[in-house]
Amino acid sequence: MKMYVKTVVALAAFLMVAVISFVLFLSGDSSASSGYTTTGDTGLENFKFVKNIMIWFMLMLVAFLMLFIKKYEWGVALAVLLSAAGSFVVYLAIKQFLFGVSIEEAWNQDLMLMGVICAITVVIAIGCFLGKLKMWQYFVAGILFAPVFLIVEWFLFGIGLEHEGLLHMVFGFNASDAGGSMLVHMCAAYFGLGVAIALREKRAFNEPMYTTTHSVSFVWLASMLLWVLWPSFVTALLPADQVFWGMMVCYLAGIGSIISAWIVCTAIQKKVNPLIYTYAMLAGPVAIGAPLLMIGPWAALVIGLIAGVISALSFIYLHPRLTKAIGALDVMGVHNLHGVAGWFGAIVAVIAIPLYGIDGADSLTNLVGAIGVFAISIALGIVIGFVLKLTRGKFPDEHMFSDDADFIKSEKPAE
Amino acid sequence: MKMYVKTVVALAAFLMVAVISFVLFLSGDSSASSGYTTTGDTGLENFKFVKNIMIWFMLMLVAFLMLFIKKYEWGVALAVLLSAAGSFVVYLAIKQFLFGVSIEEAWNQDLMLMGVICAITVVIAIGCFLGKLKMWQYFVAGILFAPVFLIVEWFLFGIGLEHEGLLHMVFGFNASDAGGSMLVHMCAAYFGLGVAIALREKRAFNEPMYTTTHSVSFVWLASMLLWVLWPSFVTALLPADQVFWGMMVCYLAGIGSIISAWIVCTAIQKKVNPLIYTYAMLAGPVAIGAPLLMIGPWAALVIGLIAGVISALSFIYLHPRLTKAIGALDVMGVHNLHGVAGWFGAIVAVIAIPLYGIDGADSLTNLVGAIGVFAISIALGIVIGFVLKLTRGKFPDEHMFSDDADFIKSEKPAE
Amino acid sequence: MKMYVKTVVALAAFLMVAVISFVLFLSGDSSASSGYTTTGDTGLENFKFVKNIMIWFMLMLVAFLMLFIKKYEWGVALAVLLSAAGSFVVYLAIKQFLFGVSIEEAWNQDLMLMGVICAITVVIAIGCFLGKLKMWQYFVAGILFAPVFLIVEWFLFGIGLEHEGLLHMVFGFNASDAGGSMLVHMCAAYFGLGVAIALREKRAFNEPMYTTTHSVSFVWLASMLLWVLWPSFVTALLPADQVFWGMMVCYLAGIGSIISAWIVCTAIQKKVNPLIYTYAMLAGPVAIGAPLLMIGPWAALVIGLIAGVISALSFIYLHPRLTKAIGALDVMGVHNLHGVAGWFGAIVAVIAIPLYGIDGADSLTNLVGAIGVFAISIALGIVIGFVLKLTRGKFPDEHMFSDDADFIKSEKPAE
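Chains as they are written, first to last, in the working numbering: chain A, 1 to 415; chain B, 1 to 415; chain C, 1 to 415.
If you're looking for bench data, these hints aren't it; they were derived computationally from the structure.
Predicted, not measured: the structure shown is a model, and the values here were computed from it.
Worth double-checking, as some hints may not be accurate.
Copies of the same chain look alike in the list, so a pair counts if it works inside one copy or between any two.
Cut-off 20 Å, straight-line C-alpha distance, at most; resulting in silico cross-link-like pairs (SDA-like, lysine to any residue) [stated by the list, open to error]:
#, residue 1, residue 2
1, Lys270, Ile94
2, Lys271, Asp404
3, Lys271, Glu45
4, Lys270, Ala405
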């Protein structure tokens, strides 16, 4: 009976979505048949096509970066897909219907890039509370996150040419954050932390998270390929003549954290914890986002070295203290990578702007920007976290960090 | 003794191929040393270079999408490589020697793209009968499939400028199938089903197909990355100014099936069967192939939502009935994704062409095209299936869905 | 106490690197804030951006190609990261400070490409001695390899326009090796073999290297994707109008070795050894490097067919004899793929140059080039191998091919 009710509810919801969309189909889209015409440079369009694919690739890899708890692997994959789908489609809808004019004007490569960047942000954020919600709630979390991301985007940069951002209204400058240290990483970490704080799942501390050789080998694969693809992320929206510079400093920063995270892990814990190293080795690319175009390759190497140290130290020393203090487990240690290295990148930009006299950038704007992103993200994260907590219903202990309730499994019976 | 004979036969076959090829080497190719000159736009050439790589990437991922039976993982990988190699090289040879003039004219990026599209089609098709043949027969299946694909290509679109297709002769129009719903997906599903019908391996129904956490994690990886790379497939042969539109609608359709396949799986079976979901979440991109340039983003979302529903329902309800009716197991459920969603895409195009008055396309042509692809593929599949059945020799039960007979394994002995 | 000392040493080393780099940061880089300007074609710059990413992608996949020993998986991943980081950063530093003028002149897409090609070469090379060193020594091996690679590069081609290579001084020609058969593959194989000879770890022969289904499935994944991405590697530094030709012959050669390696494995050993096949199927792309632009697609297929045969035969017959003769185990069989197929490609080029009258290439130069790369690489490999042996300290049996000493593991305790 219960299953029957669910079936009816789900199909009704599906039909509602289908009918609403079908109206849009019949009204708004017929102009599409006339074909989309690129307004600018075909070469650049093609290049952005490739970057779109690479950033979606990264989004999926984030799932495998978080897939180390053997009894919760498939659950992570599905939660990533659902939260990404929810945020992506709502972000695009808001951009078109609230800020766009016609389909041809609203939809272009940059919109698609911002959509997947919004989606990857929520995918990073759910790392703070994976395994603490029911599966359908990750879809809802994605949907609710899209407006949060738009607020942060508007705060830092404005939306398009017509909607000036808050920072620009106050200081006369937009924030400088070419590679997303603030917009993506800080927003993800503090939104996720906000949700975790609202959930306050004390049980999470007691649940063992056993791994196996291969569950962690998937993490190595994901981390190493994320490192490789990262330049396409930090240069996603750059003009063509700055793309090379962005790639160069991104890789140098990444080399830095590969080296320094290993030194710190080995020096302090004697053996490397792969679930620290595979994350902390990405701290350089996270931190380089804000100062991306302000510094050269060797400075990028130094920033990467320092970011790797800070992130590894956060995993080892800050993580247990912080999670205890707030009473909420940051499951994947998102804050130790994206939060801490994001802050570090933001601060480097605040220092570098006056130091090198960067044109079109303002140090104070960036500082206020970082604080603002922190505040907006954590506050709205807490609000949405309470919504998720209230709608979660019963959540027995054995569902924590386990996808047994979500999937049909067909393992060979023990002989 | 027996092994000695096999060695001699194999080396003789190799030498024959080598000598034949060496004649070509000495005669036809010396002009190649003068170097290949691009006839058109360097930027577009480079873009097609990237797409070639991405589609080969997808081909390999299809192997991992089918790698969930733990005792048949490596076998799937090798069967994919051999069938792809056989079909690719034969397709290129036919195009050059039957339809080409000189090497410089025959060989270009579009030929390479069509070659890998032919190869990926047979790789999808073998999913219907994986584990039911001897390893060398997948190589033969690839070789025999290449002319089948060329017939379907000629039927729908003609071959080059000089060889008008059958549909065009009769109706004055080529089929409209920019993203391959008919050419690739329907052809693969019905060719594969045809082979399976000829084999009629009733034993296949009784063989258990046990999975493990990680054999299915590979499937998640493959499915998620196939989803990501799909736009490069549907836009492979499009002119530059339509590439963005193709990518946009492909991703929107993909978002649709990610959402709706999950709703259907959860609603009907209470828990998600990952071996249904990871396939059905790709139904949107399959279905969007035919109407690719006819519809806008929100219509694409709706098409994806519906395709995900149809595909998931096919796995749950149609699959057991159909396979029982034809007495042949579709091992990987190819028909539920590529067959059913391919048909759906083809029918959407048939409706959209008159609805929106699409230039250069004809509704009836597309309808006859879909029926023709179905008929040609299944008929030639049955013929080739009998060839494979007759040449297979003894095939003991324990070889079914197992690669123990194919590989040397070096696992640690149980202690 | 001991750990405390190590911590201090490590942090001191880190601070030293950081301070040195910071000086560079403050002095050399401030000009960077003026932004990098591309000197040429934006389209080509963007294309090289994509190729940079693809070659880094390949580098990481080489790790997974070597990840089949179940108790040494994570160790391979970390050793790859550390050796790549060490060689990449030292290569870039030497190029800028010894051969460059200003940052703007030194740093461009081609420098980044050569850097990652240097890094991938050492990553291949360590396959000869993985599991025989302490973890930090792979970082040192990377650092020490960078000058070796520069010597080989200078010997074959010279460094930039101002530093004429040795071969050019003597013969008036540079070597012809567009796709790196000599520069990358032979250099990697013989440098690695040189290190292995210096180490002479007889214990390595007795250590069992057990695999599991999935440790080898990762190898299949890596091999298949390396095969796919290979064209970006062989065409990395080609002018735009030769890129298509390079891709075409690379794929045809790859098809050849996919087919012939399987025939040889099956014919000789009855069953396929996946740890031979997944390597030997890459022999075609290795061998095609030197004659890349000299031959056409069908000749490439023949070269691939022969390369696959030679490489598979080397694994089966040459490997046990050679490793016994030199008293050192080539752990991953690097020589059977990169050494043997590299030699074969070099010899094909030596024959093809006079046969087809290739402009700007000289047969004798290429022959001397191949012999020179062999001699330089193995000699410097032996030297560096002794450095590594002397600094290794105690290395107990149980650390051989095991990463238990390197990593914190959190597997579920047996119940």
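Outcome of the hint check:
no.	hint	result
1	Lys270 with Ile94	neither (50 Å within a copy, 32 Å between copies)
2	Lys271 with Asp404	between (32 Å within a copy, 9 Å between copies)
3	Lys271 with Glu45	neither (47 Å within a copy, 42 Å between copies)
4	Lys270 with Ala405	between (38 Å within a copy, 9 Å between copies)
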